[in-house]
Every structure is written in C-alpha cells, then in structure tokens.
Amino acid sequence: MESNKQRRSLIRATLLSIVIAAITLVLFILPAEYNIDPTGVGEKLGLTVFNAEVPSSEKATISKGGEDTVVVVVPAGRGVEYKLTVEQFSKVTYQWATSESELYVDLHGEPEGDTTGYFESYTIATVDNMKGSFTAPFTGSHGWYWKNNSDKDIEVQVIFSGDYVIEGLK
Numbered sequence: 001m002e003s004n005k006q007r008r009s010l011i012r013a014t015l016l017s018i019v020i021a022a023i024t025l026v027l028f029i030l031p032a033e034y035n036i037d038p039t040g041v042g043e044k045l046g047l048t049v050f051n052a053e054v055p056s057s058e059k060a061t062i063s064k065g066g067e068d069t070v071v072v073v074v075p076a077g078r079g080v081e082y083k084l085t086v087e088q089f090s091k092v093t094y095q096w097a098t099s100e101s102e103l104y105v106d107l108h109g110e111p112e113g114d115t116t117g118y119f120e121s122y123t124i125a126t127v128d129n130m131k132g133s134f135t136a137p138f139t140g141s142h143g144w145y146w147k148n149n150s151d152k153d154i155e156v157q158v159i160f161s162g163d164y165v166i167e168g169l170k
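1 is the number of the first residue of the sequence shown in UniProt numbering; add one for each residue after it.
In short, the hints are calculated from the structure, not lab data.
Some clues are possibly wrong.
Taking lysine to aspartate or glutamate and the EDC-like style, the derived pairs with C-alpha atoms no more than 16 angstroms apart in a straight line are [to be verified]:
| no. | residue 1 | residue 2 |
| --- | --- | --- |
| 1 | Lys170 | Glu81 |
| 2 | Lys152 | Asp128 |
| 3 | Lys152 | Glu102 |
| 4 | Lys170 | Asp106 |
| 5 | Lys131 | Glu67 |
| 6 | Lys170 | Glu110 |
| 7 | Lys147 | Glu102 |
| 8 | Lys147 | Asp128 |
| 9 | Lys131 | Asp68 |
| 10 | Lys147 | Glu81 |
| 11 | Lys152 | Glu67 |
| 12 | Lys147 | Glu100 |
| 13 | Lys131 | Glu110 |
| 14 | Lys91 | Asp163 |
| 15 | Lys91 | Asp128 |
| 16 | Lys131 | Glu102 |
| 17 | Lys147 | Glu112 |
| 18 | Lys44 | Glu67 |
Every value quoted in this text rests on a predicted model; they were computed, and no experiment measured them.
Given only the sequences and the hints, what does the whole structure look like? Please build it.
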C-alpha cells in the first residue's frame, strides 16, 4: 500500500515538473532565445527584445579609406567599448574628444578567434582627447574602452578613417 502511494506521488511530481517545464519553455525561453512568442506574454514582459534582429542601418559598416564620425555616450560611473574589425597591417587614423571632463581610455586590440581573453593595449591614459593612428599587428577587434569616473554622462565624438568594419558598441 505504501509503495502505491509513493509511486503515485512520484508520477504526480513528474507530471507536474513536465507541465512547469512546458509552461516555462512557451512563456519565457522561446520568446527570449528564439523570438518565438505563441502567447504574446514574452512581448509583454519584454523578452522578445533579447533576440530581435538588428535593423539593416545598424549592421556593420565597411570602410575602405573613408571617414566615419560617431558619438558615444559613456554613462556616469561606467565604462563602454567601441570596436572596429581591422585586418592585419591595416592602418586606422583617429581622433576623439569629450564634451566634459577626462576619461580613462585603453586603446587595444583582440586577435580574431582568440578564446584566451588575450588583448594588446596600444595606449592607456586619462585624458579628454586623443589623436593618432595605429597599424593593426593582427586581424581582429580593435578599439577603445572608456571609463567615466564622474557623476555625469560624458559624450565622446570619435572621427576615424582607414580600412575597417565598424562593430560599434560592445
């Protein structure tokens, strides 16, 4: 008799777990991971934005010798990265300036395909502007990390030219 109660309890718990897993899959996982929202709950909860397709205007821009200008906002007390994909031995010329005070900056590169976390810093400083160029020592992601230690958001205007693909904010 005790064995039957345990068996029924185990079956009930298993069925309940399957039902909860199915509900979780339909309401949360499918909308967030695959942008499939059969119930509409994922959109109401804001889960579909995690896997939204990037509009074509925001996709990578390829530059072969042209010039681009971007404005990057570095939030108060935070840091942001702005990246370009650059082929080995390609040159990028840049200049940037802030709207306010100094920022900590690390201009660096990360080799394409590297999984170790390796990066090479080219310039590290705390300044409100910088001008220069670099020739990529390897193919990969190259760009700037800015850290804002102030209590106000700071805008950075960056002008760069050369051969690269814009990755944007990371």
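Verification of the supplied hints:
Only pairs whose Cα atoms come within 16 angstroms are accepted, and lysine 170 paired with glutamate 81 is accepted, the gap being roughly 5 angstroms. The suggested pairing of lysine 152 with aspartate 128 holds, with an alpha-carbon distance near 14 angstroms, which does not exceed 16 angstroms. Proposed proximity of lysine 152 and glutamate 102 is supported: the alpha carbons are some 12 angstroms apart, at most 16 angstroms. Taking the CA atoms of lysine 170 and aspartate 106, the gap is about 14 angstroms. The hint holds against a cut of 16 angstroms.
At roughly 14 angstroms between alpha-carbon atoms, lysine 131 and glutamate 67 fall within 16 angstroms of each other, so this suggested pair holds. Between lysine 170 and glutamate 110 the alpha-carbon distance is near 13 angstroms, which keeps this suggested pair within the 16 angstroms criterion. For the given pair, lysine 147 sits about 9 angstroms from glutamate 102 by alpha-carbon distance, which is consistent with the 16 angstroms threshold. A hinted pair counts as satisfied when its Cα atoms are at most 16 angstroms apart, and lysine 147 with aspartate 128 qualifies at roughly 11 angstroms.
For the proposed pair lysine 131 and aspartate 68, the alpha carbon gap of about 15 angstroms is at most 16 angstroms, so the pair holds. Distance hint between lysine 147 and glutamate 81 is fulfilled; the C-alpha atoms sit about 9 angstroms from each other, no more than 16 angstroms. With a CA separation close to 29 angstroms, the supplied pair lysine 152 and glutamate 67 exceeds the 16 angstroms bound. For the given pair, lysine 147 sits about 13 angstroms from glutamate 100 by alpha-carbon distance, which is consistent with the 16 angstroms threshold.
Among the hinted pairs, lysine 131 with glutamate 110 is inconsistent with the structure: their alpha-carbon atoms are about 21 angstroms apart, more than 16 angstroms. Straight-line distance between C-alpha atoms of lysine 91 and aspartate 163 comes to about 7 angstroms, which keeps the hinted pair within the 16 angstroms bound. Between lysine 91 and aspartate 128, the direct Cα distance comes to roughly 23 angstroms. Violation of the 16 angstroms bound is thereby established for this hinted pair. Taking the CA atoms of lysine 131 and glutamate 102, the gap is about 14 angstroms. The hint holds against a cut of 16 angstroms.
A threshold of 16 angstroms between alpha carbons decides the hint, and for lysine 147 with glutamate 112 the separation of about 24 angstroms lies outside it, so the pair is violated. The hinted pair formed by lysine 44 and glutamate 67 fails the criterion: a straight-line CA distance of about 41 angstroms is larger than 16 angstroms.
Against the hints set out earlier in the document, violations occur for numbers 11, 13, 15, 17, 18.
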